[in-house]
Amino acid sequence: GQSLEQPSEVTAVEGAIVQINCTYQTSGFYGLSWYQQHDGGAPTFLSYNGLDGLEETGRFSSFLSRSDSYGYLLLQELQMKDSASYFCAVRDNYGQNFVFGPGTRLSVLP
Amino acid sequence: ETGVTQSPTHLIKTRGQQVTLRCSSQSGHNTVSWYQQALGQGPQFIFQYYREEENGRGNFPPRFSGLQFPNYSSELNVNALELDDSALYLCASSLQGSYNSPLHFGNGTRLTVT
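Protein sequence lines correspond, in order, to chains A and B. For the first sequence, our numbering gives the first residue as 1, with consecutive numbering after it. For the second sequence, our numbering gives the first residue as 111, with consecutive numbering after it.
Bear in mind the hints are in silico, worked out from the structure with no lab data behind them. Think of the CB as a built atom: it goes at the ideal place given N, C-alpha and C, for glycine as much as any other residue. One or more of the hints may lead you astray.
[Unchecked claim] FRET-style restraints, in silico, Cβ to Cβ:
#1 B:F170 - A:G28: 15 to 23 Å
#2 A:E55 - B:S175: 36 to 44 Å
#3 A:Q76 - B:N169: 31 to 39 Å
#4 A:E55 - B:T112: 23 to 31 Å
#5 B:Q128 - A:G50: 21 to 29 Å
[Stated by the list, open to error] Over 12 Å on every C-beta distance to chain B, these chain A residues come out as not near it, computed from the model:
#6 T11
#7 V18
#8 Q25
#9 G101
#10 V108
#11 P110
[Stated by the list, open to error] Below, a sample of chain A positions facing chain B; criterion: calculated Cβ distance under 10 Å:
#12 F60
#13 C88
#14 N97
Work the whole structure out from these sequences, hints included.
Dropping the structure here:
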């Protein structure tokens, strides 16, 4: 079985930096991904980490430590439009299906 | 590039009824997955189809079934609907064979079972 944990809610102000953590317990591991989902919308892919270290894509960065079964998503220069739910997801050991975390609801305040 | 489209967007059914949800994959993708997302939770994997065959299944009963067609479109069928089946059903397409191939989701079908 596999399980992922992430904080349920995070609040920050415009322009700030926020980090959303994800810990996972898996029998196998084929990478950690992050998805963003606005209310009423579809999850959209943000980043992928297959190896340890930091991946940067514009204002968003994602980090992975396989030895600690831990990763995080870092959002910089927060904007109001970043208010959404963020999900970490691990690719299942036996196929291409993903196991998603419960999600972190980010609220960006003016 | 055409994205993933799902139909219908909303559906209301009665307990015990059957429902069929439809999905058109993003062009160039050969794999389709279905996820169930209850309110306030993360998507839960139902099953995946590749080359018109089921290629993995999550912890869902057999009354959840699916099809993938030669054009990579897909259907999700749910029989004997239960109240707990009320959720957002998401279809996602991807490219088989690449570990970092992300899922491309449709906007989902909101199913309400009364």
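Right, here's what the structure says about each hint:
1. B:F170 - A:G28: 15 to 23 Å: 21 Å, holds
2. A:E55 - B:S175: 36 to 44 Å: Distance hint for E55 (chain A), S175 (chain B) holds at roughly 37 Å.
3. A:Q76 - B:N169: 31 to 39 Å: Holds, since Q76 (chain A) and N169 (chain B) (Cβ atoms, about 37 Å apart) stay within the stated range.
4. A:E55 - B:T112: 23 to 31 Å: 28 Å, holds
5. B:Q128 - A:G50: 21 to 29 Å: 40 Å Cβ-Cβ, so the 21 to 29 Å window is violated.
6. T11: 17 Å, holds
7. V18: Non-interface label on V18 (chain A) holds, nearest chain B Cβ at 19 Å vs cutoff 12 Å.
8. Q25: 15 Å, holds
9. G101: Incorrect as stated: the minimum Cβ-Cβ distance to chain B is 5 Å, not above 12 Å.
10. V108: 19 Å, holds
11. P110: At about 25 Å from chain B, P110 (chain A) clears the 12 Å cut-off, so the statement holds.
12. F60: 14 Å, violated
13. C88: Where the cut-off is 10 Å and the nearest Cβ of chain B is about 9 Å from C88 (chain A), the hint holds.
14. N97: At 4 Å from the nearest chain B Cβ, N97 (chain A) passes the 10 Å test, so the hint holds.
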